[in-house]
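Protein sequences appear in the order of chains A and B. In case it helps, the numbering used here puts the first sequence at residues 29 to 298. In case it helps, the numbering used here puts the second sequence at residues 2 to 195.
No lab work stands behind these hints, which were simulated from the structure alone. Glycine included, each C-beta is placed from N, C-alpha and C at the ideal position. Errors might be hidden in some of the hints.
Heads up, simulated SDA-like pairs for lysine to any residue below, C-alpha to C-alpha not over 25 Å straight-line [unchecked claim]: (1) Lys112/B - Phe248/A; (2) Lys71/A - Gln120/B; (3) Lys71/A - Tyr117/B; (4) Lys74/A - Asn122/B; (5) Lys64/B - Leu92/A; (6) Lys7/B - Pro86/B; (7) Lys125/B - Val55/A; (8) Lys155/A - Val58/A; (9) Lys74/A - Tyr117/B; (10) Lys71/A - Met114/B; (11) Lys63/B - Leu119/A; (12) Lys112/B - Tyr60/A; (13) Lys58/B - Tyr60/A; (14) Lys58/B - Ala52/A; (15) Lys112/B - Ala52/A; (16) Lys58/B - Lys155/A; (17) Lys73/A - Gln120/B; (18) Lys58/B - Leu92/A; (19) Lys73/A - Phe111/B; (20) Lys63/B - Tyr65/A; (21) Lys125/B - Leu92/A; (22) Lys71/A - Met119/B; (23) Lys125/B - Arg66/A; (24) Lys58/B - Asn72/A.
Computed list of chain A residues with no C-beta within reach of chain B, every gap over 12 Å [as the list claims (entries may be wrong)]: (25) Leu42; (26) Thr50; (27) Val55; (28) Ser57; (29) Asn72; (30) Lys73; (31) Asn82; (32) Glu96; (33) Ser115; (34) Asn179; (35) Ala220; (36) Ala221; (37) Gly246; (38) Gly259.
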Amino acid sequence: MDRHINIKDDNINLAVIVTGLTFAFLVFSVVYFVVLYRNRQLKNKKEQDELHANYRQELLKTQLEVQEQTLNYISSEIHDNITQVLSFVKLTLGNIASGVEDEKKSKVIETRELVAQTITDLRDLSKSLSFEYISSQGLIRTIEKEVERVNKSGLIHVSLEQDGSSYPLGEQRELVLFRIFQESLNNTLKHAAAHHLKIMLRYHTDLFMLMLDDDGSGFFVEKLGNKTGSGLRNIENRATLIGGTATIDSSPGKGCSVKVVLDPLRQQLF
Amino acid sequence: MTMPFKLLAIWLVIDFLLDSCGNPLCIAIFKNNALLSHTETIGEFLFFASTYYYLFKEIWIKKLVMGCIITLSVFFVINGFTLQPFTKAFPTYVIMPAEIMYVVFAVLLFKQMLQYPMQVNITKQSIFWFNTGILFFSTTMFLVFSLMNYYSKHSTLEGMTLVLYFWHSIDIIFTILICVAILNENKYAVENNG
Numbered sequence: 029m030d031r032h033i034n035i036k037d038d039n040i041n042l043a044v045i046v047t048g049l050t051f052a053f054l055v056f057s058v059v060y061f062v063v064l065y066r067n068r069q070l071k072n073k074k075e076q077d078e079l080h081a082n083y084r085q086e087l088l089k090t091q092l093e094v095q096e097q098t099l100n101y102i103s104s105e106i107h108d109n110i111t112q113v114l115s116f117v118k119l120t121l122g123n124i125a126s127g128v129e130d131e132k133k134s135k136v137i138e139t140r141e142l143v144a145q146t147i148t149d150l151r152d153l154s155k156s157l158s159f160e161y162i163s164s165q166g167l168i169r170t171i172e173k174e175v176e177r178v179n180k181s182g183l184i185h186v187s188l189e190q191d192g193s194s195y196p197l198g199e200q201r202e203l204v205l206f207r208i209f210q211e212s213l214n215n216t217l218k219h220a221a222a223h224h225l226k227i228m229l230r231y232h233t234d235l236f237m238l239m240l241d242d243d244g245s246g247f248f249v250e251k252l253g254n255k256t257g258s259g260l261r262n263i264e265n266r267a268t269l270i271g272g273t274a275t276i277d278s279s280p281g282k283g284c285s286v287k288v289v290l291d292p293l294r295q296q297l298f
Numbered sequence: 002m003t004m005p006f007k008l009l010a011i012w013l014v015i016d017f018l019l020d021s022c023g024n025p026l027c028i029a030i031f032k033n034n035a036l037l038s039h040t041e042t043i044g045e046f047l048f049f050a051s052t053y054y055y056l057f058k059e060i061w062i063k064k065l066v067m068g069c070i071i072t073l074s075v076f077f078v079i080n081g082f083t084l085q086p087f088t089k090a091f092p093t094y095v096i097m098p099a100e101i102m103y104v105v106f107a108v109l110l111f112k113q114m115l116q117y118p119m120q121v122n123i124t125k126q127s128i129f130w131f132n133t134g135i136l137f138f139s140t141t142m143f144l145v146f147s148l149m150n151y152y153s154k155h156s157t158l159e160g161m162t163l164v165l166y167f168w169h170s171i172d173i174i175f176t177i178l179i180c181v182a183i184l185n186e187n188k189y190a191v192e193n194n195g
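For reference, chain B alone in the conformation it holds in the complex (with noise of 0.2 Å):
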């Protein structure tokens, strides 16, 4: 696999660790899952963002993913100490930039493809799969958002689970995309390794 599919790899199961052992300690300790989702929002960020920087060939691109990663992570520091305290408050400044580049970064990995277009089936390119995972993921993200805020506001309590299911779902489809995007990867470096 080429080093950005392994990162991606590498975050999976960093983040089902993070949700299956971090979420009942943080909560045992802290009453809530602040800080589990600082790390997780940071943490996805990081992974996130350096795969793109290897799927980019252009250099400015890269120079604009590295200042992105950069600028975040220097407010991140900030907003977990000021703002949005890492025990008490969900990181919700810096999960609403970081989705804003997830989707700009999409975009331009779009945009890339088309100008370098590889004889080989979409379907079987895992740089799509991600990259439409990594959209559908980022461009929901905002729908849940305005959702939950409606909804906490207007205080209907089927509404707010509505879309806690619905962003499960997306979850797991976002999950899905991404392990088709890795495994298309392996097959693909088995086939011309093997």
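In isolation and in its complexed conformation, chain A is listed as follows (with noise of 0.2 Å):
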């Protein structure tokens, strides 16, 4: 009787065992799918964040390629066709001004000579759209430039400041920060009613910044976070697509600054 009791406890004990191994199986292979699926979807996610990432950088390059062709368009337009006839007008300015009697004569100097002035600030406006231009020139001259046709015009008080020995980053990316030194510059005119605007060149080894801070009116970032085709927005995106960051930091009624950040010596293009 004992006997077939413990024959009994022993199957019992048997199919405990084996249901027991069969479920620690099942519930282990469950658990490293799970894990597996877990790898699987962040390397998924990367793959995806990383083709995104590239698709936005091509989409970002082609749109600045499209807006420099327009604007090299722009540039030689008014280079050679309206400064051109400009240049005929104020000749024949020139022509008319010595035949005619002295009331009307100092007249045509002041239209001559306006006339003159508005070759000179084409000529200036056409550089700065110029992409050879800019290369030729470099970040620093173009800026100063810059600095100086806005000062001329009287609209903002424009100071120019660097730190540390320039060195080049290369014609793309230089052309990239004047074009938002541009962007910023314009904006600053546009919205911001500022009597100041200063911007700072830094030069260090590890470190290229260039930063653009005006006493306006200023504003909440946060509002302009959702605004993709906003100017700053832009700003944001050229700066990335050097390879560098932009930060934008205002708050109402005290002013804006613009700050770019790259590493020189990553060499980004594109």
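Starting from the two chains in their separate frames, assemble the complex, guided by the hints.
As structure tokens, this is what we get:
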């Protein structure tokens, strides 16, 4: 009788062990699958993010190329067409001035001078739009010219400071930095109602920084956060394109500061 | 809900009706529930295999599933008329290949999930719960049958009772997992359509 009970107990124990082992194996398999799946999800997400970033980069690159082509076209049209016509007008006015009586002569000369000034301004504008001009002059020289032009207009007082000795950042990067500078400058002129704009160029061994600081009306940066087409978003996108980061800091009544930082040693050209 | 989970939901209702009404009816008429087992086995296989057919993405696997459905259906009829009569024997010859096919389908579906991972938490994926349920049910069925075989040969009543309890527990867990899958799918469908 005792032996019979022992056999029965052994049978039950065997069933429990086999069942337990089967369950343990099943649970282990499912857990292993979940872990494996999680890893695949992360890998997949990373790949998708990379694809998205590459796509965005390509899109920005195309946008910039189209923009540069358009600006170059406008620049050459101003230089080769409009300024040529104005030069002809200036010459004609010079000829007229020599043949009229003194009363009208002063007015003609005055008009001629205005035309001459317009030609000079248009040439400066044409240069600031031209890729060839910017790359031949370099970033600092082009910014200096632009500062001179704006100061001459009397709309705002712009000061330029440089820290450290300059080094070339590469044609494309300098062009993009100049376009960022132009975008910020235009924003200040259009919206800030500022009296003073301070531009700082910092050339350190492992860091380059472009900073534009105005004393204008300022704004809430968060409110502009979702406007993808805004000029400020363009600044951020352009900075990303050259491997840098743009920081925009502003609040009502406290002006606006745009800072672009990049690693000069990292050669990311689009 | 998508088609595969609609099929699952329909099968759950049919299964419930068969168990609650068909079982006493079969016992009253044939003095056993062999016919019910035959009906449940083929019904379950048709619905689950069709669910897999809709869940698989690759054409060759879909063709494989379709081939399995046709082959097993034909074998089911032959088996019912010759080897294990519909009203007299339990359809083990159909159940065993069906369980093997479930395991193969489950493994293939897990492989597909790894190939095309979704950016959704796995516990919120109905496909995961369904497949886990099928894998759990089909693998433990082999254990149930082997234990039943063993205890019937050694004539231990306690063992048989234990296996029957074990079988019912598996059935309950399986049904819960399928319900979780259907509820997840329904929640997803409501979130996306509503």
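Going down the list of hints, with the structure as the test:
no., hint, in the structure
1, Lys112/B - Phe248/A, "violated, 50 Å"
2, Lys71/A - Gln120/B, "holds, 11 Å"
3, Lys71/A - Tyr117/B, "holds, 11 Å"
4, Lys74/A - Asn122/B, "holds, 16 Å"
5, Lys64/B - Leu92/A, "violated, 50 Å"
6, Lys7/B - Pro86/B, "violated, 32 Å"
7, Lys125/B - Val55/A, "holds, 18 Å"
8, Lys155/A - Val58/A, "violated, 67 Å"
9, Lys74/A - Tyr117/B, "holds, 14 Å"
10, Lys71/A - Met114/B, "holds, 14 Å"
11, Lys63/B - Leu119/A, "violated, 84 Å"
12, Lys112/B - Tyr60/A, "holds, 13 Å"
13, Lys58/B - Tyr60/A, "holds, 23 Å"
14, Lys58/B - Ala52/A, "violated, 31 Å"
15, Lys112/B - Ala52/A, "holds, 21 Å"
16, Lys58/B - Lys155/A, "violated, 59 Å"
17, Lys73/A - Gln120/B, "holds, 7 Å"
18, Lys58/B - Leu92/A, "violated, 41 Å"
19, Lys73/A - Phe111/B, "holds, 19 Å"
20, Lys63/B - Tyr65/A, "holds, 23 Å"
21, Lys125/B - Leu92/A, "violated, 43 Å"
22, Lys71/A - Met119/B, "holds, 11 Å"
23, Lys125/B - Arg66/A, "holds, 13 Å"
24, Lys58/B - Asn72/A, "holds, 18 Å"
25, Leu42, "violated, 8 Å"
26, Thr50, "violated, 5 Å"
27, Val55, "violated, 9 Å"
28, Ser57, "violated, 8 Å"
29, Asn72, "violated, 5 Å"
30, Lys73, "violated, 6 Å"
31, Asn82, "holds, 19 Å"
32, Glu96, "holds, 37 Å"
33, Ser115, "holds, 63 Å"
34, Asn179, "holds, 53 Å"
35, Ala220, "holds, 42 Å"
36, Ala221, "holds, 46 Å"
37, Gly246, "holds, 39 Å"
38, Gly259, "holds, 33 Å"
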